[in-house]
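Chains as they are written, first to last, in the numbering used here: chain A, 934 to 1239; chain B, 934 to 1239.
No lab work stands behind these hints, which were simulated from the structure alone.
Any given hint might turn out to be false.
When chains are identical, the list treats them as one kind, so a pair holds in a single copy or across two.
[As the list claims (entries may be wrong)] Simulated crosslink set (SDA-like; lysine to any residue; CA at most 25 Å straight-line):
#, residue 1, residue 2
1, 1070, 1201
2, 1070, 1009
3, 1169, 1218
4, 1169, 1047
5, 1070, 1117
6, 1070, 1054
7, 1169, 1236
8, 1070, 1002
9, 1086, 1098
10, 1169, 1153
Small disclaimer: the values here were computed from a predicted structure and weren't measured.
Residue strings, one per chain:
There are 2 protein chains.
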Amino acid sequence: MYHACMESPLRSALRPLAALSLIGAPLGASTPPAKPISSADIVAAAPAEAWIAVPPEDLLVLDLDGGARVVVALAPGFAPVHVANIRRLARSGWFAGITVNRVQDNYVVQWGDATEKKPLPDGIVGSPPAEYARMAKGLGFRPMAYRDAYAAKVGHAGGWPVASDGQLAWLPHCYGMVGVGRNLAPDTGTGAELYAVIGHGPRHLDRNIALVGRVLSGIEALSALPRGSEALGFYKEGTPRPAIVAARLASDMPAAERPAFELMRSDSQSFADWLAARANRRDDFFIRPAGAIDICNALPPARARR
Amino acid sequence: MYHACMESPLRSALRPLAALSLIGAPLGASTPPAKPISSADIVAAAPAEAWIAVPPEDLLVLDLDGGARVVVALAPGFAPVHVANIRRLARSGWFAGITVNRVQDNYVVQWGDATEKKPLPDGIVGSPPAEYARMAKGLGFRPMAYRDAYAAKVGHAGGWPVASDGQLAWLPHCYGMVGVGRNLAPDTGTGAELYAVIGHGPRHLDRNIALVGRVLSGIEALSALPRGSEALGFYKEGTPRPAIVAARLASDMPAAERPAFELMRSDSQSFADWLAARANRRDDFFIRPAGAIDICNALPPARARR
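Isolated chain A (complex conformation) (with noise of 0.2 Å):
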């Protein structure tokens, strides 16, 4: 689902109905005419070929005790060996059970199975090669003209946010991207256990784990856990913790109930506009529109189709 209030600048708390007022939206007759078009008018004008479906087996769709649904868009183009191994586990039915174990703030939500007894499914590849980086080559890669800590470049590609040092290409550890625990290195993962980031990205895990996905919805199901009162965020043994009862892959589900989402193409000049808006947010709020942007402030907009 597409926020627009992620776009709008903080308000005073106090008039969310005056606050909504300012979303883009003209503020009554004194709005001057030529006022720019803030970055959610972007995305709620953008044509039908801005945007690209993600294939519904690269939804997982993980429900939890609670109610709550997480979904997340899986990224078999930069780690298709720990992708096909998370959908060789939704199918098999592995995944439902588990738990989250961890939540550590301004870091990581992490699930998986805290028995650790539970057999892999067959034909799950035990040590995938490390998928940390791809060619950059044929990615379609659009890099932003900012500057970026960690990469020589960051952009775009396919919906997805890239970091590359120009021959390779990666995805970053921004909020909400999903990623594989592992062991020590050479140990990879097998995708039986994932984690999702909750807090400002901790980059410098960039191509030292396999990223394989990014939450498009629901990240507040995990965002809002209760934080572990152990080291590195463990939930105390014996508590309770949240379970997953199901995950699926959209594409396995009745095609009644299976959730659709799309992303905004990076090729497209919606996107190109958006990003514009987001550098240079020029709403009665903003005093000082920064001119620039980092990248996990660029996540592409996704949204659902029903």
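Mind docking chain B on chain A? Use the hints.
Below, chain B without anything else, positioned relative to chain A:
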């Protein structure tokens, strides 16, 4: 409180004790003798002179109705008039009974007077100056060598993260930073309504809002709150809201109850070592140290003195 665990790499969720053994500690007999010291080790070993006490009149202690405590270090060096207002509001008891009204995922938690009718105490400056930046000169600013999307230089001064264009300097919007809610410019807010950042640093707000401090302890009492269901993350009208039952300056608390915090000095050798270790993580987990660090991943270590 300094969280050593913030330093650690992602670990398989399932072996917290094994994971703990990796935080800068030797891994048994196979550990090479020249193993680099981790940033957590550097914090633990920092001598007394590497720390500066936060003055008790710069510590705002917020007690929530659920029993949690949030401690904010105020930054009078950056926003003196706003901080003076906040001190006056605390001393008059004005903050007691106000509520958290807005929790927007990956953005901010905001608290204030939901009734908008509570009269401000005498002596509050109703229209403070726009304390969005100050002269860099005299600050002791120590720039890092790493790129930043938003500012010409980022670094540290006096235990604070700082961004600068060479002439001016300002606090950056990082996770846990506290700012002053305001309406449209030229209003700058009084300090009666505050927010804390709970997501990827919304650095586009830099120099558009007065930042007045940083949460040193208890951020999880804010960041794990249920997200608001309304636009901009506001709680729905009529739903119960977390309340602030007391907000005091540490200097106004009885000596025996007073919390005390220290920040690592920006000009200490320990801090230089810590920054280098954070930018170049070399424990057994990391394959490829980043060789750089984002300012919001380089918030100076803080610790409770008791």
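Any of the earlier hints contradicted here, and which numbers?
Result: hints 5, 6, 8 break, sorted rising.
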